[in-house]
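Peer 1: Chains as they are written, first to last, in our numbering: chain A, 4 to 231; chain B, 14 to 261.
In case anyone wonders, no lab produced these hints; they're calculated from the structure. Heads up, the beta-carbon is just placed ideally off N, CA and C, and yes, glycines get one too. One should not assume that every hint holds.
As the list claims (entries may be wrong) - With a straight-line cut-off of 30 Å between C-alpha atoms, the simulated DSBU-like cross-links for lysine-lysine are:
{"hint": "1", "chain 1": "B", "residue 1": "K218", "chain 2": "A", "residue 2": "K49"}
{"hint": "2", "chain 1": "B", "residue 1": "K160", "chain 2": "A", "residue 2": "K49"}
{"hint": "3", "chain 1": "B", "residue 1": "K160", "chain 2": "B", "residue 2": "K45"}
{"hint": "4", "chain 1": "B", "residue 1": "K218", "chain 2": "B", "residue 2": "K160"}
As the list claims (entries may be wrong) - Partial list, computed: chain A residues near chain B (C-beta under 8 Å):
{"hint": "5", "residue": "R25"}
{"hint": "6", "residue": "V29"}
{"hint": "7", "residue": "T47"}
{"hint": "8", "residue": "Q80"}
{"hint": "9", "residue": "R97"}
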Amino acid sequence: MSGWAQFRAILRKDLIRELRTRDMLVSMILFVLLAMVIFHYAFTVKENADLTYFTGGMLWVTFIFAMLLGLNRSFAQEKDERCLDGLLLCPVDRVTIFFAKSAGNLIFLLIIQAVAVPVFTLFFIEHNYAGDLLPFLVVLLLADVGICALGTLLATISMNTRSRDLLLPILLLPLIVPVLIAATGATTLIFAEGAGFADLAARLLFLLGFDAVFLVAAWGTYDFAIGE
Amino acid sequence: MSDSPDRREGAAPLEIEVEGLRKTFGRREVLKGLSFSLERGGFLSIFGPNGAGKTTTLRVLATLLTPSAGRITVAGHDVREDPMPVRRAIGLISHDPMLYLDLTAQENLRFYADMYGVEGREARITELLERLELSHRRYDVVRTFSKGMRQRLAIARAILHRPRVLLLDEPHSGLDPRAVDIFDGLLADIRAEHTFVMVTHNIAKGLELGTRLMIVESGRIAYEQAAGGDPASFTAVYREHVQEGSAL
């Protein structure tokens, strides 16, 4: 049995389940939309105020909190009826489980962003950034990989604890700060100044490095993280 | 119970060997040096009071828990050093069905078939669903199944990949009489092909099915015998140990 086939089986199972129940996607989308409405009223202190330099921060804070909701739910289903035991009984490399779960979370985050970014643009962005769409998509993808890799690892560690709903944000939020800083900076530069790849190089490299560090860390530790 | 190699000449090869199994959770030692073995095709029934360490033993054999000490081999492979072949060789039926409630019966079995690399996946799934009288619910989500139906599907999940060793943790728990009949019929059908370890409080079932009987109490083997003895005397010993265990 190849790891690739097992990866696809776990990912397919998670996608079928989520597309059937939609409990994770619906809660994440609702959260993101409500957060934007709240940001809109909270930050509009003056008519026609320029919020461009706040946009990156608003966007990424919203995505990270939305992902916290999703991560807890993505592992809750594995605890139901002891499905995790069923998964661990299979002759599957634990790292394959990590990559499949991370890929699932990444797909869900991208779906959320596909809904949220146009709404966000409508609410907050006055500058037309259509010409800078490619750098923005690269920032989204690199930051998402880091959020999902770290989030999946930490959600796995916290899932076996009694206070997992509390533990996951306590573990994730401090560690995700570097991604937040780099992604917020890059996004704001794109929205506010129309920055291109050359202007974003340092931030993109940082995000790439973060992704690599946590993917390698998960590779080395996931067997212990998902064990007893 | 563990026989020396020279005494075992002509006997079936050992499928499970456990030597000095210890398991601790924090400071609490749950298993305190269990040793036993089981020949291929054998059926070991493990009894004992709640908290005696029966399920922990089963979970160590299933590679779900790592032993703190001891040497445990299943199907010739060390559970700690070489867990992948052990996982291919075992199936676990527990009172929790380990099924995804929002997937259909077919989707659950397809998922596990893919995880085990089952050849002839669709034919095998169809065969098992028919054998377990679940064909008519093939496309229904498991959430709509009764407890007995979920347990039958869990049996299909556990034997889908044709494991050599079946680990049964209170398999009759929560089953209605019809489901018990189907389950026992299936066990009888596959009895010759597998080695079994069953943890149970159901003394009648344990005695009926077991070729070896073992009572675990406070993490140690308190009593063991080959099947075929007097059921009444074993029952008396069991009740004595369960009462002692409950009093601890």
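Peer 1: Hint by hint, note whether the structure agrees.
Peer 2: Right, here's what the structure says about each hint:
Distance restraint check for K218/B and K49/A: the Cα-Cα separation of roughly 77 Å exceeds the 30 Å cut-off, and the hinted pair is therefore not satisfied. Distance hint between K160/B and K49/A is unfulfilled; the C-alpha atoms sit about 60 Å from each other, more than 30 Å. With a CA separation close to 35 Å, the supplied pair K160/B and K45/B exceeds the 30 Å bound. With a C-alpha separation of about 20 Å, the suggested pairing of K218/B with K160/B holds against the 30 Å cut-off.
Annotation: interface hint on R25/A violated; nearest CB of chain B at approximately 10 Å, more than 8 Å. Below 8 Å, beta-carbon pairs count as interface contacts, and V29/A has none with chain B, the closest being about 14 Å; its hint is therefore violated. A hinted interface residue such as T47/A counts as satisfied when its beta carbon comes closer than 8 Å to some beta carbon of chain B; here the least separation is about 41 Å, so the hint is violated. Among the interface hints, the one on Q80/A holds; its C-beta lies about 7 Å from the nearest C-beta in chain B, closer than the 8 Å criterion.
Proximity of R97/A to chain B is violated relative to the hint, the smallest CB-CB distance being about 10 Å (cut-off 8 Å).
Comparing the model with each numbered hint stated earlier shows that hints 1, 2, 3, 5, 6, 7 and 9 do not hold.
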